[in-house]
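Undergrad: Let the hints inform the model, and build the full structure from the sequences given.
As you go down the protein sequences, you meet chains A and B in turn. Using full-length UniProt numbering, you'd call the opening residue of the first sequence number 1 and step up by one each time. Using full-length UniProt numbering, you'd call the opening residue of the second sequence number 1 and step up by one each time.
Some hints here could point you the wrong way.
The list treats identical chains as one, so a pair stands whether inside a single copy or across any two.
To be verified - In the DSS-like style, the derived pairs of lysine-lysine whose C-alpha atoms are separated by at most 30 Å in a straight line are:
| # | residue 1 | residue 2 |
| --- | --- | --- |
| 1 | 207 | 130 |
| 2 | 34 | 270 |
| 3 | 166 | 34 |
The hints are simulated quantities; they were obtained by calculation from the structure and are not laboratory data.
There are 2 protein chains.
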Amino acid sequence: MAVQLNDYIKENQLIVNQAIIEIVERMNIPTTLKNSMLYSIKAGGKRIRPILMIASAEAFGGTRDDVLPVAVALEMIHTYSLIHDDLPAMDDDQLRRGQPTNHIQFDEATAILAGDALLTMAFQVITEAKQLSAEQKVTVINRLSIASGSSGMVAGQILDLEAEEKQIDIAQLEQIHQLKTGELLIFAVEMGAYLAGASQTERLAVKQYGHHIGLLFQIQDDILDVEGDQIKLGKQVGSDQDNEKSTYPKLLGIDGAIKVKEKNVAMAIKLLEEATIANSMLASLVNYISDRDA
Amino acid sequence: MAVQLNDYIKENQLIVNQAIIEIVERMNIPTTLKNSMLYSIKAGGKRIRPILMIASAEAFGGTRDDVLPVAVALEMIHTYSLIHDDLPAMDDDQLRRGQPTNHIQFDEATAILAGDALLTMAFQVITEAKQLSAEQKVTVINRLSIASGSSGMVAGQILDLEAEEKQIDIAQLEQIHQLKTGELLIFAVEMGAYLAGASQTERLAVKQYGHHIGLLFQIQDDILDVEGDQIKLGKQVGSDQDNEKSTYPKLLGIDGAIKVKEKNVAMAIKLLEEATIANSMLASLVNYISDRDA
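TA: As structure tokens, then:
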């Protein structure tokens with residue numbers, strides 16, 4: 001199963017990467033801007049969101065091709081958010097995935113514009129998806145704009161900035177991560193199911209699955225910042241502690257954080273069993289996300 | 001006619017302002033982020049783009065209500081672009097419309113996020129427009145993302161930054177303005193016509209009209225930076241010269257710039273006559289944009 005999952009992830013990463021790069025390459029974009037956009041796209045990344053979307057579509061009888069443009073749009077939005085989050089005025093990060101961040105490699109103005117451009121292009125890509133009906137496009141754009149906007153990811157980012165060096169409790173921490181990371185993960189699996197023709201009940205189940213995936217994703221992130229391998233992560237560990245950031249290990253201890261993570265793993269699996277899709281790649285992905293070392 | 005036009009502009013500004021503010025107000029957005037978004041929305045602005053869109057729809061038998069959500073989305077995109085353009089890493093402006101720019105009033109991180117949020121919300125607003133069909137929504141989102149993205153407005157902004165303190169010719173100057181300002185003005189009138197059910201020929205005429213409007217808009221902007229009234233403009237004049245920026249007056253002299261502007265006025269009017277819509281508000285708006293003092 002482990003090898004099979006690795007092949008699955010690698011294959012889909014390859015397809016998603018090719019699709020994104022091809023779309024950006026063929027557009028008429030000023031050179032520096034295009035290079036800056038491609039730089040962050042090519043910087044790697046696990047493509048967790050697109051892979052979750054594809055796996056969700058497949059779990060309900062759909063195919064990768066049914067959702068590929070939306071998966072690409074989703075990854076463009078994720079990439080834009082990383083570029084902007086790394087800016088000096090935000091998290092001020094110099095290194096991501098072992099490489100200089102966009103504004104270090106280019107400059108701040110270019111990084112801001114590359115982010116703006118990727119965000120805008122995400123919506124264009126969906127409108128031009130040949131495999132989707134107009135109704136599907138409108139639904140997907142609506143959900144994506146909500147999940148990534150001022151009541152979703154952008155809200156999470158500002159609350160995260162405001163929470164820095166402040167004492168917050170577990171409920172506030174969960175809210176921030178739910179907005180900052182969770183909403184796009186939920187979008188991935190819910191819209192994957194929707195585009196594959198899943199029923200309302202199935203969509204609801206997979207949405208709840210996405211909620212637990214979001215939490216365990218974040219808990220593992222926090223754990224890796226304490227116990228992770230700097231080389232594998234491609235970024236400095238211990239930065240949360242240096243920033244006096246509220247994290248699961250800080251609030252619950254490492255053992256407490258692992259316990260909460262395992263609870264979410266169990267709940268995610270249980271939801272898949274109830275929806276009779278526990279034999280799908282969505283199940284393997286739970287453990288992959290929970291146990292990843294980067 | 002002049003009074004009638006002023007009333008027309010005032011009424012539409014009011015309606016557009018109310019619509020934007022109502023949409024942002026009713027959403028669940030973290031306080032600082034919402035305040036920052038509303039700050040820039042409420043900072044004034046002539047609402048030229050929404051008004052052109054409404055006038056174009058009306059010229060072809062449509063109504064303001066047919067296009068209002070799209071006009072709102074367009075103004076959200078325009079507002080986001082101003083917030084990001086003013087950032088220290090970009091044009092580094094402290095004052096806009098006589099008030100502190102967003103990052104001065106709040107902070108850089110908040111300004112970046114408010115821009116991101118407004119850009120994202122623009123697409124959401126279109127998806128939720130009750131008066132539009134799914135096909136219309138998809139067409140409008142497609143055109144808006146192209147006009148404002150990496151082959152449109154964002155391209156114009158990076159080319160503009162790259163042209164600073166560099167000698168460029170009239171053709172390059174026109175290309176920058178076409179991308180930075182022109183594409184959204186064309187979007188306004190073309191999509192206004194489209195949503196009102198105009199024919200392909202009519203859409204083409206109004207697109208060309210939009211092209212000339214874009215040019216004369218920019219020429220007047222440049223002239224005001226030389227000859228304008230600082231109080232009325234709400235910003236420092238002479239900044240283009242200080243920045244050694246290429247402008248129409250610099251490349252052609254004031255008289256030369258005025259001559260080119262008048263040529264574009266004449267061509268815009270001629271296009272309206274040919275499309276038999278020269279008695280629409282689009283005609284009065286040509287002179288308004290050409291002669292404005294702010």
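Undergrad: A separate judgement is required for each hint: does it hold in the structure or not?
TA: Taking the hints in turn, this is what the structure says about them:
no.: 1; hint: 207 <-> 130; in the structure: both (26 Å within a copy, 26 Å between copies)
no.: 2; hint: 34 <-> 270; in the structure: neither (44 Å within a copy, 38 Å between copies)
no.: 3; hint: 166 <-> 34; in the structure: between (38 Å within a copy, 21 Å between copies)
Comparing the model with each earlier hint shows a violation of hint 2 alone; every other hint is respected.
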